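All chains should be modelled from the sequences, with the hints used to inform the complete structure.
What follows is the residue order along each chain.
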Amino acid sequence: DQQVKQNSPSLSVQEGRISILNCDYTNSMFDYFLWYKKYPAEGPTFLISISSIKDKNEDGRFTVFLNKSAKHLSLHIVPSQPGDSAVYFCAVETSYDKVIFGPGTSLSVIP
Amino acid sequence: NAGVTQTPKFRILKIGQSMTLQCTQDMNHNYMYWYRQDPGMGLKLIYYSVGAGITDKGEVPNGYNVSRSTTEDFPLRLELAAPSQTSVYFCATSVAQNTGELFFGEGSRLTVL
Numbered sequence: 007d008q009q010v011k012q013n014s015p016s017l018s019v020q021e022g023r024i025s026i027l028n029c030d031y032t033n034s035m036f037d038y039f040l041w042y043k044k045y046p047a048e049g050p051t052f053l054i055s056i057s058s059i060k061d062k063n064e065d066g067r068f069t070v071f072l073n074k075s076a077k078h079l080s081l082h083i084v085p086s087q088p089g090d091s092a093v094y095f096c097a098v099e100t101s102y103d104k105v106i107f108g109p110g111t112s113l114s115v116i117p
Numbered sequence: 450n451a452g453v454t455q456t457p458k459f460r461i462l463k464i465g466q467s468m469t470l471q472c473t474q475d476m477n478h479n480y481m482y483w484y485r486q487d488p489g490m491g492l493k494l495i496y497y498s499v500g501a502g503i504t505d506k507g508e509v510p511n512g513y514n515v516s517r518s519t520t521e522d523f524p525l526r527l528e529l530a531a532p533s534q535t536s537v538y539f540c541a542t543s544v545a546q547n548t549g550e551l552f553f554g555e556g557s558r559l560t561v562l
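Those protein sequence lines, which keep their order, are chains G and H. Just so you know, our numbering puts the end of the first sequence at 117, numbered straight through with nothing missing. Just so you know, our numbering puts the end of the second sequence at 562, numbered straight through with nothing missing.
Keep in mind the hints are simulated off the structure, nothing from the lab. Everything numeric in this text was worked out from a predicted model, so none of it was measured. You may find that some hints are simply not true.
If you want a taste of the chain G side facing chain H, the calculated C-beta under 10 Å gives, among others [claimed, not checked]:
(1) Pro50
(2) Ser55
(3) Cys96
(4) Ala97
(5) Thr100
(6) Asp103
(7) Val105
(8) Phe107
(9) Gly108
In silico DSSO-like links for lysine-lysine, alpha-carbon gap of 27 Å or less [claimed, not checked]:
(10) H:Lys506 <-> G:Lys11
(11) H:Lys458 <-> G:Lys77
(12) G:Lys43 <-> H:Lys493
(13) G:Lys43 <-> H:Lys506
(14) G:Lys104 <-> H:Lys506
(15) H:Lys493 <-> H:Lys506
(16) H:Lys493 <-> G:Lys74
(17) G:Lys62 <-> G:Lys104
(18) G:Lys104 <-> H:Lys463
(19) G:Lys11 <-> G:Lys60
(20) G:Lys60 <-> G:Lys74
(21) H:Lys493 <-> G:Lys104
(22) G:Lys74 <-> G:Lys43
(23) H:Lys463 <-> G:Lys11
(24) H:Lys506 <-> H:Lys458
(25) G:Lys104 <-> G:Lys60
(26) G:Lys43 <-> H:Lys463
Note that CB positions come from ideal geometry on N, CA and C, so glycine has one too.
Put into structure tokens, the structure is as follows:
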């Protein structure tokens, strides 16, 4: 049973527009929610995270929103750039930094 | 600055063979992890270690073994390889702040035929 769900396997966005990636989770006890980015033939890299006590966290072009009542988080990328084309994994931290990953959303930013 | 180094990057095994995926880190991180990624799937945790001499099972440990004799090294052993173990394997470390921020190696692609 998936604890972290990303219902959109892929997303295409024009360069300069906003990319919105969505994620749902099942367990309300998670403390940290994260987004990882992965390019082909590379390992995932940490992108941004949010604590359960916050509802928004920004880092440059990237903003993560957390809606605890809906058990939903989203990643906004503004403006989107071709270099943002990658697979984005939503993830949650459980304990001892053990991370549960969603299946990923493949983002294509079209020039 | 090497970070997390995995070897080999690619390997083809026959059913029933055994092998060890090596992972070494130079970041002095206490926590280390092995994940596997299957096509169209997220990463699944195989085993993890919170320090030298301590290991524990993750979500999908069957068919694998690990050891952690030093802070730097965390090898993953596959015994009696099966086609279901065809996957990309990633080793990761963390600074043990329980925030979920992991540092990954580049991966090892294993095919079992």
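Cross-check of the supplied hints:
no., hint, verdict
1, Pro50, "holds (5 Å)"
2, Ser55, "holds (6 Å)"
3, Cys96, "holds (9 Å)"
4, Ala97, "holds (6 Å)"
5, Thr100, "holds (8 Å)"
6, Asp103, "holds (4 Å)"
7, Val105, "holds (5 Å)"
8, Phe107, "holds (4 Å)"
9, Gly108, "holds (5 Å)"
10, H:Lys506 <-> G:Lys11, "holds (23 Å)"
11, H:Lys458 <-> G:Lys77, "violated (37 Å)"
12, G:Lys43 <-> H:Lys493, "holds (16 Å)"
13, G:Lys43 <-> H:Lys506, "holds (25 Å)"
14, G:Lys104 <-> H:Lys506, "holds (11 Å)"
15, H:Lys493 <-> H:Lys506, "holds (11 Å)"
16, H:Lys493 <-> G:Lys74, "holds (24 Å)"
17, G:Lys62 <-> G:Lys104, "holds (23 Å)"
18, G:Lys104 <-> H:Lys463, "violated (31 Å)"
19, G:Lys11 <-> G:Lys60, "holds (21 Å)"
20, G:Lys60 <-> G:Lys74, "holds (9 Å)"
21, H:Lys493 <-> G:Lys104, "holds (10 Å)"
22, G:Lys74 <-> G:Lys43, "holds (23 Å)"
23, H:Lys463 <-> G:Lys11, "violated (34 Å)"
24, H:Lys506 <-> H:Lys458, "holds (24 Å)"
25, G:Lys104 <-> G:Lys60, "holds (21 Å)"
26, G:Lys43 <-> H:Lys463, "violated (32 Å)"
Figure legend: structure checked against the earlier numbered hints; hints not met, in rising order: 11, 18, 23, 26.
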